[in-house]
Amino acid sequence: MCFFMVKNGIILSHFGQLKYDTIGNLLRKLDNKMKELSINELVKKKIYAVMVECLENIDRHKHPQSEDLNLSHEFDTKFLLELKNNYFIINTGNIVENNVVGLLKKKIETVNQLNDKDLKKLYRKVLLTGSISEKGGAGVGIIEMAKTTQNKIEYNFKPINKELSYYQIKLKISNTN
Amino acid sequence: MKALKFPATEYSPEIDFDPVNHKFLISGYSRPENVRTFYYPVLEWIDNYGKEVLASSNKADFEKKPINLTLKMNYFNSSSAKFLLDVIVEVHKFHLAGYNIVINWFYDEGDDDMLETGEDLSDMVDFPFNFIENNN
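Top line first, the protein sequences correspond to chains A and B.
Here this note's numbering runs 28 ahead of the position in the first sequence, where the first position is 1.
Here this note's numbering runs 1 ahead of the position in the second sequence, where the first position is 1.
Any given hint might turn out to be false.
Partner residues aside, some chain A positions facing chain B, computed with beta carbon under 10 Å [claimed, not checked]:
#	residue
1	Gly37
2	Ile51
3	Phe103
4	Leu155
5	Lys175
No lab work stands behind these hints, which were simulated from the structure alone.
The beta carbon of each residue, even a glycine, is placed where N, CA and C say it ideally should be.
Okay, chain B solo, but in the shape it has when bound:
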């Protein structure tokens, strides 16, 4: 399976999904002109990753090296919030299927809005995130 990579722009985040190391990164600003066109391929990729990569792997292999979703957002608009939740829900399904996962949520020092949004999303999927303050 190929990695999924989009570079960051001033209106869309960097996407770096690596199926070999099971590391998924979304980072930057998210207010794409067409939010559906931007995020559908991401959700489709996660679905295919589950079918192609996880289906042929051993769950025990993920004990020491979990599937790692990192969200390092500077800003996202309200429609992107819906899609970020969808991404989290899809990755969380791997946890429900018995794979070890980790979700990292980065925020700037003092940015309570970003921290609280992460806490909300964590509550919504009922899975604890690692909350990490950005080092500027």
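Bound-form chain A, shown alone:
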């Protein structure tokens, strides 16, 4: 089983609506898989941290679901964790309203242009000056992802219609600590 998973590369996957309880289930599965694969505890912590930020972001914003909108399965909420070439790759996909696309792009582009030192400065600034939104976000999720992965966040917005797009992000975490 273990050999199959390493060869295949897929460690965890979830498709369809994501709720708060789903996050706990996926984190428990992560724990088991990391033990099975004898992954370093510190690498596991990084994956755990990035996973939580990705999944909570999807859960928090209660994005429209493809099944409720009669859209094709390619627009299902998606979470995938794979191991490829000694990197853990997280891919997520979810539907967002087009009016937030500009803001999300700006946030990601900003953190992608910063080096470690400037990311840290931005993290401090947002933590000190930001407040917790009604939905429970502190505005530091994307910064946290970039800080933890130490890699650029790859993203894509695939237009669905006039109101909606499919938001995909890809994050890489090195399997060497």
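Place chain B on chain A using the hints.
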């Protein structure tokens, strides 16, 4: 004043705030479903502690036995980070008011992310933490 105690769960930390011994502990995982509902009572308790306990105590009593905030986190999400900073800021206000305080930050061996986050928080409030490696 009553102690504030919440048991640890897989998504929320143990809270053990003891107003008699002036010891405050936050320990475990923090990614509660509603971060505001979880941390507001903690911040409110600290505020009341300042008004009820400290206001009627002698600052000199804290010289040998300081107010002790211990953060022993396995993991906390980004919105919990904001609230942990708020807790630290509130306790740090006691220091600014002339009470002796100590802030302990525990981290696992080799966990540079957790250590650096503690260092960041320490810098943000401009107060030195004790950084302590967990004994596994």
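Evaluation of the provided hints:
Of the supplied interface hints, the one on A:Gly37 is violated, with its beta-carbon coming no nearer than about 25 Å to a beta-carbon of chain B, more than 10 Å. Look at A:Ile51: its Cβ gets to within about 8 Å of chain B, closer than 10 Å, so that hint holds up. Interface restraint check: A:Phe103 against chain B, minimum CB-CB distance 26 Å, threshold 10 Å, status violated. Annotation: A:Leu155 was flagged as interfacial toward chain B, and the flag holds, the nearest CB pair being 6 Å apart, inside 10 Å.
With a least beta-carbon distance of about 8 Å to chain B, the hint placing A:Lys175 at the interface is held under the 10 Å criterion.
Hint compliance for this structure: hints 1, 3 are not met, and every other hint is.
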